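Q: Starting from the given sequences, assemble the full structure and let the hints guide the process.
Quick mapping for you: the protein sequence lines, in order, are chains A and B. Here the first sequence stands for residues -18 to 333, numbered as in the numbering used here. Here the second sequence stands for residues -18 to 333, numbered as in the numbering used here.
Careful, some of the hints might be misleading.
[Stated by the list, open to error] In silico DSSO-like cross-links for lysine-lysine, where the CA-CA straight-line distance does not exceed 30 angstroms:
(1) A:Lys288 with A:Lys298
(2) A:Lys288 with B:Lys288
(3) B:Lys152 with B:Lys137
(4) B:Lys111 with B:Lys298
(5) B:Lys111 with A:Lys111
(6) B:Lys6 with A:Lys137
(7) B:Lys111 with B:Lys137
(8) A:Lys137 with A:Lys298
(9) B:Lys298 with B:Lys152
(10) B:Lys298 with B:Lys260
(11) A:Lys111 with B:Lys6
(12) B:Lys298 with A:Lys111
(13) B:Lys111 with A:Lys6
(14) A:Lys298 with A:Lys111
(15) A:Lys260 with B:Lys288
(16) B:Lys260 with A:Lys260
(17) A:Lys152 with A:Lys111
(18) A:Lys6 with B:Lys137
(19) B:Lys137 with B:Lys298
(20) B:Lys260 with A:Lys288
(21) B:Lys298 with B:Lys288
(22) A:Lys288 with A:Lys260
(23) B:Lys111 with B:Lys152
(24) A:Lys152 with A:Lys298
(25) A:Lys137 with A:Lys111
(26) A:Lys137 with A:Lys152
(27) A:Lys298 with B:Lys111
FYI, nobody ran anything at the bench for these hints, they're computed from the structure. Keep in mind it's a predicted model, so treat the numbers as computed, not measured.
2 protein chains.
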Amino acid sequence: MAKTTTPNQAGAARQRGVTMNDVAKHAGVSRTAVSFVLSNRENASISEETRTRINEAVQALGYRPNAGARALASQRSDWYGIVTAPFAVDIIKGAQDQAWLDRKFLLIAPSDQADAVGPNQGLEDAATEKLLEQRVEGLLYAATFHRGVHVPESAKEVPTVLINCFDADGKLPSIVPDERAGGRIAVERLLQAGHRRIGVINLDPAIPAAIGRLEGAREALADAGLELDPELVVPGYATADGGYEAACRILDRYPQEDRPTALFCLNDRMAMGAYDAIKERGLTIPGDIAVIGFDNQELIAAYLRPKLTTVALPFEKMGALGVQTLAALTAGQPIIADQQLVGCPLLERSSV
Amino acid sequence: MAKTTTPNQAGAARQRGVTMNDVAKHAGVSRTAVSFVLSNRENASISEETRTRINEAVQALGYRPNAGARALASQRSDWYGIVTAPFAVDIIKGAQDQAWLDRKFLLIAPSDQADAVGPNQGLEDAATEKLLEQRVEGLLYAATFHRGVHVPESAKEVPTVLINCFDADGKLPSIVPDERAGGRIAVERLLQAGHRRIGVINLDPAIPAAIGRLEGAREALADAGLELDPELVVPGYATADGGYEAACRILDRYPQEDRPTALFCLNDRMAMGAYDAIKERGLTIPGDIAVIGFDNQELIAAYLRPKLTTVALPFEKMGALGVQTLAALTAGQPIIADQQLVGCPLLERSSV
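A: See the structure below:
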């Protein structure tokens, strides 16, 4: 019969590291029987009474299975590695939550270098190497803004998925936002509200976000029989100050009757600056000028006055999808597509 | 002599899992010799020539040490577990960067439950249990706002440190922001700029942040021979709307000559709302009303117009200090104090 143990004894035993042998001895059964019962293996002809005795011994001794030993035995670590620089918060959150649901752990290799995923190969190499030493089953690379990257050669030893970035060499699968559809939905919303003369505060025109969003804007206008007036597209530096200056330029350039009645700001930070430019001119939002943003940075979009209607970047969803795709790859299953585009939903607030 | 292997062969070999035995065979030496050389053990009488041959075999075969096996052998996993809910971004970033410097990994147990660190014991228990199964060397608990928490009993099996929260039972060490010193520095800055009538937009008065910051404000005023006028302390709901409404109340309550000339907003989000209230009344910042915030939420503080002078919450530093403290505890070293207070630095921008 199993001896009784007080909770404190069980705690102390745990700290010393109770083994499967201890459980077997305590229950008066073989180690093999304990192993069979704990792994829930079927077809093992072990009596209900023995099972009960083993489970009681596990409780009494505070035995806890060693996930590391189990991983070594099964040759599966249950860990994915993620290389991220800078720390791609919402992607990591989405990936982490999905990994947790799948009973997987993410090992995160961070870096202070803004370009560690990108041209600075040395850092990535070290991060990737350390993750591979931990025998991760697969690798994720996450970028804070949508762009092409080069991943270290060693990443190709295990299944690898890129999130919010894509393989510049075109070999690895990636999950990226559907920028074009997002740009389209933003301008469609402005057209639906009756705007025909729409100003665009652009980002660096060479980055995928600017290319895609502007293309989507052009398509939406074309569907309405309109053209994007190149004069109404002003370049902006991607900050509140950049948006403020661009909005001042576009608002002051025209007499009132020719002024655009709506601004599509290619990110929320620039929309924040545009708000100040509009208000300083005694104009109201959305009465005189409607504003629509992009990114859905909650702290800005939900807190501006009026609250900003914007298009959301699906960071958490991309993170979750990255983990799901990696799970499929590590299980040897086919994946849907080399590049998965994730939709950017419109968030209605009060600025259109 | 070591055979030559092309890089591609080395890559393929890695995928099959090159073992220490393979290295020994390739180099024509014993497995023990390989183990001695790879673990850099001293006093092992192995010739320089043999060392070179082993290192060449490691390169040629693409052998990579198995961190998991090494951990099992040394009884040290090199992993810390962190339980966080909701996802405490900047704390995790600070902890992650420090862990990486120490060659440790963080295993993060997230949760969608806002109160999973706190009254919802069930979730924490499951998260803690899974981390202990991974044989983490120690545990961190991170909260998104400063408060008392109860940690699961099982956390006491390994060294445990609380970050931005403290053990309501007073048993575990914690790292928290020095709210009082932060409140003091904010009001000292306003006093230094010549303000004598200072309005305070408060948070929920029962939370540690409000208690500490208000106490610090009182001390700074007392040092200047002033008292905090209870009428000038208005409760606010911790959002931009909350700050807007509180600022409207305080600004409209007094004739111009009695109106406070400065507002201490106990968080940046409320300061954002206060800006709108001030500007709507045709008043300027800081000309008519100076504003100082708390938290240093970059997206708000660095992007408001004028940019917000505020006091920073040292999230990353607390995360790093949590890992350092845990490292000391797991190494059996004494720690500085049961509760470490981390300073909240003033960030000068343009609103005072």
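Q: For each hint, tell me whether it holds in the structure or not.
A: How the hints compare with the structure:
Of the supplied pair hints, the one linking A:Lys288 and A:Lys298 holds, its CA atoms being roughly 23 angstroms apart against a limit of 30 angstroms. As the CA atoms of A:Lys288 and B:Lys288 are separated by approximately 20 angstroms, the hinted pair is consistent with the 30 angstroms bound. As the CA atoms of B:Lys152 and B:Lys137 are separated by approximately 10 angstroms, the hinted pair is consistent with the 30 angstroms bound. Restraint check for B:Lys111 and B:Lys298: satisfied, since their Cα atoms lie roughly 27 angstroms apart, inside the 30 angstroms limit.
Annotation: proposed proximity of B:Lys111 to A:Lys111 holds, straight-line Cα distance about 23 angstroms (limit 30 angstroms). Using a Cα cut-off of 30 angstroms, the hinted pair B:Lys6 and A:Lys137 holds, with the two alpha carbons roughly 26 angstroms apart. Using a Cα cut-off of 30 angstroms, the hinted pair B:Lys111 and B:Lys137 holds, with the two alpha carbons roughly 15 angstroms apart. Only pairs whose Cα atoms come within 30 angstroms are accepted, and A:Lys137 paired with A:Lys298 is accepted, the gap being roughly 24 angstroms.
Restraint check for B:Lys298 and B:Lys152: satisfied, since their Cα atoms lie roughly 23 angstroms apart, inside the 30 angstroms limit. Distance check on the hinted pair: B:Lys298 and B:Lys260 sit about 35 angstroms apart at the alpha-carbon level, beyond 30 angstroms; violated. With a CA separation close to 26 angstroms, the supplied pair A:Lys111 and B:Lys6 stays within the 30 angstroms bound. For the given pair, B:Lys298 sits about 24 angstroms from A:Lys111 by alpha-carbon distance, which is consistent with the 30 angstroms threshold.
Only pairs whose Cα atoms come within 30 angstroms are accepted, and B:Lys111 paired with A:Lys6 is accepted, the gap being roughly 25 angstroms. The hinted pair formed by A:Lys298 and A:Lys111 meets the criterion: a straight-line CA distance of about 27 angstroms does not exceed 30 angstroms. A C-alpha spacing of about 17 angstroms is found between A:Lys260 and B:Lys288, which places the hinted pair at or below 30 angstroms, so the restraint holds. Taking the CA atoms of B:Lys260 and A:Lys260, the gap is near 9 angstroms; set against the 30 angstroms cutoff, the hint holds.
Restraint check for A:Lys152 and A:Lys111: satisfied, since their Cα atoms lie roughly 23 angstroms apart, inside the 30 angstroms limit. Under the criterion of a C-alpha separation no larger than 30 angstroms, the hint pairing A:Lys6 with B:Lys137 is consistent with the structure, at around 26 angstroms. As the CA atoms of B:Lys137 and B:Lys298 are separated by approximately 24 angstroms, the hinted pair is consistent with the 30 angstroms bound. Distance hint between B:Lys260 and A:Lys288 is fulfilled; the C-alpha atoms sit about 17 angstroms from each other, no more than 30 angstroms.
Only pairs whose Cα atoms come within 30 angstroms are accepted, and B:Lys298 paired with B:Lys288 is accepted, the gap being roughly 24 angstroms. For the proposed pair A:Lys288 and A:Lys260, the alpha carbon gap of about 14 angstroms is at most 30 angstroms, so the pair holds. Distance hint between B:Lys111 and B:Lys152 is fulfilled; the C-alpha atoms sit about 23 angstroms from each other, no more than 30 angstroms. The hinted pair formed by A:Lys152 and A:Lys298 meets the criterion: a straight-line CA distance of about 23 angstroms does not exceed 30 angstroms.
Distance check on the hinted pair: A:Lys137 and A:Lys111 sit about 15 angstroms apart at the alpha-carbon level, within 30 angstroms; holds. With a C-alpha separation of about 10 angstroms, the suggested pairing of A:Lys137 with A:Lys152 holds against the 30 angstroms cut-off. In summary, the hint linking A:Lys298 to B:Lys111 is supported, as the alpha carbons are separated by about 24 angstroms, within the 30 angstroms threshold.
In terms of the numbered hints stated before, the structure departs from hint 10 and from no other.
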